[in-house]
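**Q** Residue-level listing of the chains:
2 protein chains.
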Amino acid sequence: MAEKLIDQTCEGFVSLLASKAPIPGGGGAAALVGALGAALCSMAGNLTLGRKKYAAVEPDIRALLEKGERVQARLMELVDADAAAFEPLSRAYSIPKDDPGREAVLEEATKKACAAPMEMLEQCARAVELLEEMLEKGSVMLVSDVGCGAVCCKAAMECASLNVYINTKMLKDRVVAEALERRTDELLNEYGARASKIAAAVTAQLREG
Amino acid sequence: MAEKLIDQTCEGFVSLLASKAPIPGGGGAAALVGALGAALCSMAGNLTLGRKKYAAVEPDIRALLEKGERVQARLMELVDADAAAFEPLSRAYSIPKDDPGREAVLEEATKKACAAPMEMLEQCARAVELLEEMLEKGSVMLVSDVGCGAVCCKAAMECASLNVYINTKMLKDRVVAEALERRTDELLNEYGARASKIAAAVTAQLREG
Numbered sequence: 000m001a002e003k004l005i006d007q008t009c010e011g012f013v014s015l016l017a018s019k020a021p022i023p024g025g026g027g028a029a030a031l032v033g034a035l036g037a038a039l040c041s042m043a044g045n046l047t048l049g050r051k052k053y054a055a056v057e058p059d060i061r062a063l064l065e066k067g068e069r070v071q072a073r074l075m076e077l078v079d080a081d082a083a084a085f086e087p088l089s090r091a092y093s094i095p096k097d098d099p100g101r102e103a104v105l106e107e108a109t110k111k112a113c114a115a116p117m118e119m120l121e122q123c124a125r126a127v128e129l130l131e132e133m134l135e136k137g138s139v140m141l142v143s144d145v146g147c148g149a150v151c152c153k154a155a156m157e158c159a160s161l162n163v164y165i166n167t168k169m170l171k172d173r174v175v176a177e178a179l180e181r182r183t184d185e186l187l188n189e190y191g192a193r194a195s196k197i198a199a200a201v202t203a204q205l206r207e208g
Numbered sequence: 000m001a002e003k004l005i006d007q008t009c010e011g012f013v014s015l016l017a018s019k020a021p022i023p024g025g026g027g028a029a030a031l032v033g034a035l036g037a038a039l040c041s042m043a044g045n046l047t048l049g050r051k052k053y054a055a056v057e058p059d060i061r062a063l064l065e066k067g068e069r070v071q072a073r074l075m076e077l078v079d080a081d082a083a084a085f086e087p088l089s090r091a092y093s094i095p096k097d098d099p100g101r102e103a104v105l106e107e108a109t110k111k112a113c114a115a116p117m118e119m120l121e122q123c124a125r126a127v128e129l130l131e132e133m134l135e136k137g138s139v140m141l142v143s144d145v146g147c148g149a150v151c152c153k154a155a156m157e158c159a160s161l162n163v164y165i166n167t168k169m170l171k172d173r174v175v176a177e178a179l180e181r182r183t184d185e186l187l188n189e190y191g192a193r194a195s196k197i198a199a200a201v202t203a204q205l206r207e208g
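First to last, the protein sequences are chains W and C.
Residues in the first sequence are numbered from 0 upward in steps of one, following numbering that gives the first Met the number 0.
Residues in the second sequence are numbered from 0 upward in steps of one, following numbering that gives the first Met the number 0.
Fair warning: there could be bad hints in the mix.
Stated by the list, open to error - For the chain C half of the interface with chain W, some residues (derived, Cβ under 10 Å), not all of them:
#: 1; residue: D6
#: 2; residue: T8
#: 3; residue: E10
#: 4; residue: V13
#: 5; residue: K19
#: 6; residue: P21
#: 7; residue: G24
#: 8; residue: Y53
#: 9; residue: K153
#: 10; residue: E157
#: 11; residue: N162
#: 12; residue: E180
#: 13; residue: L205
Stated by the list, open to error - To list a few chain C residues with every Cβ distance to chain W over 10 Å, as calculated:
#: 14; residue: A17
#: 15; residue: L48
#: 16; residue: K52
#: 17; residue: A62
#: 18; residue: G67
#: 19; residue: I94
#: 20; residue: V104
#: 21; residue: K110
#: 22; residue: E132
#: 23; residue: E135
#: 24; residue: K136
#: 25; residue: K171
#: 26; residue: L179
#: 27; residue: R182
#: 28; residue: K196
Simulated from the structure, these hints should not be mistaken for laboratory data.
All figures in this text were calculated on a predicted structure; none of them were measured in a lab.
Quick reminder that beta carbons are idealized off the backbone N, C-alpha and C, glycines included.
Input sequences plus hints: build the corresponding full structure.
**A** Rendered as structure tokens:
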């Protein structure tokens, strides 16, 4: 299958995820959910542009849209990057256990498999920053979409973190493993909390008016 | 556009979500994220089947897969059902404010727009039940995917709830509005907590186990 996963239909992607095919897995789902979060930020921006009431913030909204587009595009690339790292890892696991080269190949493939979920965390953190500014400046008609965006980005970060941990757990190089876990925890704690704050503000706005 | 949203490529769906096109919106994203959650449960099941160590639970896993397939399929349908309810709502909003028929049409369209997010909540709650059993019975190799599934289902429920609130807020019929909000809170509290428990158990297993 040379075709990119993100060129599958939504229906096809979800079916493939559910199947016993090794890719996509939780990491690919995480990247897609993060991209949906970034896209919801852009939706709010695109539907704010052109409204008289928000004319003053148009330049800010345009800047947010430009940044959001890059984050979204990168998260979509990470769906396939995550899958590409899984195949060498799966091959490494299938090397006979008594092969003296197994450990080094497996270690290397495991390190490489951390890269995509680590970058998902970084990209989703940026998306959360954009969503914070969109909540403040974008049209009040779109708050529920901004809230959904924050919920998606937080979920994507949580899923990405599980995909870091499952790999760092296997690493013999504990220095690298612990550095990756520390950065994961840092991002998840800070931006997870900021995303929750966005969602809570939106819920309050919708429920209390 | 007679074509179904879920027949868009992932790339196309995300781009459409980001654009100023009125559909898909946060509700459609919620249903897709919920379907990804259900699919991750099935992935864990499909990769458990055929393993000697798990032969005893095969009938249970098959039953989970059958139930999961129905939940996933229904959540995918809800992506388009949510979009279909948005169009009459948007038309109702564009009726001139001095039209005496506006209020009744708007009220009816708003009530109908609650149906898809309400059902997303119910379907994701079922998916959480399936994920709980999958965590208990499925292969330990797939725990991170089960954890990601739970995170996705919880996020989908949170997004769906925002899409209920934004509509119930507008309803004149407070009896219906409050009943919908009560059921939303009930599902979100119970199954959100159960999904978090799955994710926490997976994190603990990956980090300490």
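**Q** Please list, smallest to largest, the hint numbers that this structure does not respect.
**A** Violated hints: 8, 14, 15, 18; rest satisfied.
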